[in-house]
Amino acid sequence: MNDVWVALVQSLILVVALLTVFAGMTLVERKLLGYFHLRVGPTRTGPWGLARPIADAIESSVKEDLIPAGADKLVFRLAPIISVFAALAAWAVIPIGPPVEIAGRVIPLQVADPAGGVLVALAFSSLGVYGVSLAGWASQSKYSLLGAMRAAAQMISYELSMAMSILGVLMLSGSLRLADIVAAQSSVAFIWLQPIGFLIFFLSGVAEVARVPFDLPEAETELVAGYNTEYSGMRYAMFMVAEYVGMFTVSAMVTLLYLKGWHGPGFLPPVAWFLVKLAALLFVFIWLRASLPRLRYDRLMDFGWKVMLPLSVLNLIITAVGVAVWG
Amino acid sequence: MLKALAQGMGTTLRIFFRKKKTIAYPKEKKPRAERFRGRHELRRYDNGLEMCIGCELCQVACPAAAITVMPAENDPNRPNSPGERYAWKYEIDMLRCIFCGLCEEACPTQALHLTPVNELADFTRDSLIYSRQRLVNTHTSDFTVPTNVYPEYSGWTPMHQGAAVYEAEEAEQTSRGEDRP
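If you read the sequences in order, they're chains A and B.
Quick note on this note's numbering: the first sequence kicks off at 1 and runs consecutively.
Quick note on this note's numbering: the second sequence kicks off at 1001 and runs consecutively.
Hint data in this document are derived by calculation from the structure and do not stem from the laboratory.
Please read these numbers as outputs of a predicted model, since none were measured by experiment.
One should not assume that every hint holds.
What the hints assert, rightly or not - Under the rule of at most 25 Å between Cα atoms (straight-line distance), these lysine to any residue pairs were calculated in the SDA-like manner:
1. 31(A) / 58(A)
2. 1020(B) / 51(A)
3. 1027(B) / 294(A)
4. 1003(B) / 294(A)
5. 1029(B) / 1117(B)
6. 1003(B) / 309(A)
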């Protein structure tokens, strides 16, 4: 029973922390995008724009909740919930540090520690596709449907190369548990052993979360429409939560799988090192958004199937040969 | 293609560390050019006389019909301008004005001048019709009254009543209730 209470408290802390960091991330993204564009981001709402997330939260919650007349009421309401759930649930198996000792008990810094940690995280990210496609379908609008179908196709295509690139890491570490993978990197980080795998995983992660340059599903809301069109206020904010938390998940996975997780020189605690690496990867996410134009959809799919997937298979073969020869 | 990507991302990264060009208005203001066409002013000569002689050329030149000029005879004891007439009523409707500067170009005495002041927002339409009091400068400028331009003013003209005619008419209109459009 004690373990259940520990897990509940951890879940609560995790959800609160993720939502708070999401709020901060919206502001950080706007500020950093501004800095990349030789301008400052929000500066008026509070010093350095710090009250911006609060203002956005208030705005989302008091907006009129429009549901299109022809929409399927239940599915329309359910879709953002599915997206948010899938995004947040992936964090249940992500450890942010080594087990700590609190009040005489050793507590692992993850909510659950199944033997197939990596697989569970990937599976929960895949559930996000449901949220997107159901949203597009339930909106009962042609543009929403098309946008959602495109988004769903993009997400499932890039999941393939994501999973294939991880296979190299799994061969090197011999276990699916994320804590074991981090431990297996104690001598050398897997990014040096698997540079191609790292790039493929990172880029596939960017495409999975539908961030620039793969953000046609998201950009369609700017151009014409997308699965987001009919959503307003808090429901739209939930989709944004799902997107940003997905970004955090991809960054966390890259940190754990390729960048030695929480290892680092001793002047900072391990959790801090994990967060520093996470922040660096989020900076790269925003840097990509500030610099690159978006890919046209057919080129995006070409890239996923004709470049990413063969490269990840190649990576797999090379890693297999290496492991067989050198052990 | 990778080289192009690296160049692009390198550019944004370099710009990340540069000083930003954003001007924090209203604490900082963008400096305007000297000949920036902003708010109008009617200048005075260095001896205090108004440069505007009420010739109405600016009214004719204005493409937006923003200027209304009604001249009057100068009182010989207290002349406003060095010529025979001065601008007794001078109104510029700032809401019609397009700040083109044609009135400034048309003015033969260089009385009308557009200053770099451009923060002119206000709350009511009436307050944005600038009248004489707001437009004529209270300070003098460096211009001197040109010699051999204005004839000797003897003080006798057919309209020797001067501004009194207009003032009487205006008082009558006000009493009839026709002074507002």
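Now for the hints, and whether the structure bears them out:
1. Between residue 31(A) and residue 58(A) the alpha-carbon distance is near 20 Å, which keeps this suggested pair within the 25 Å criterion.
2. Distance hint between residue 1020(B) and residue 51(A) is fulfilled; the C-alpha atoms sit about 22 Å from each other, no more than 25 Å.
3. A C-alpha spacing of about 37 Å is found between residue 1027(B) and residue 294(A), which places the hinted pair above 25 Å, so the restraint is violated.
4. For a cut-off of 25 Å, the pair hint linking residue 1003(B) to residue 294(A) stands: about 17 Å separates their Cα positions.
5. Proximity of residue 1029(B) to residue 1117(B) is assessed by CA-CA distance (about 11 Å); at most 25 Å being required, the pair is judged to hold.
6. Taking the CA atoms of residue 1003(B) and residue 309(A), the gap is near 22 Å; set against the 25 Å cutoff, the hint holds.
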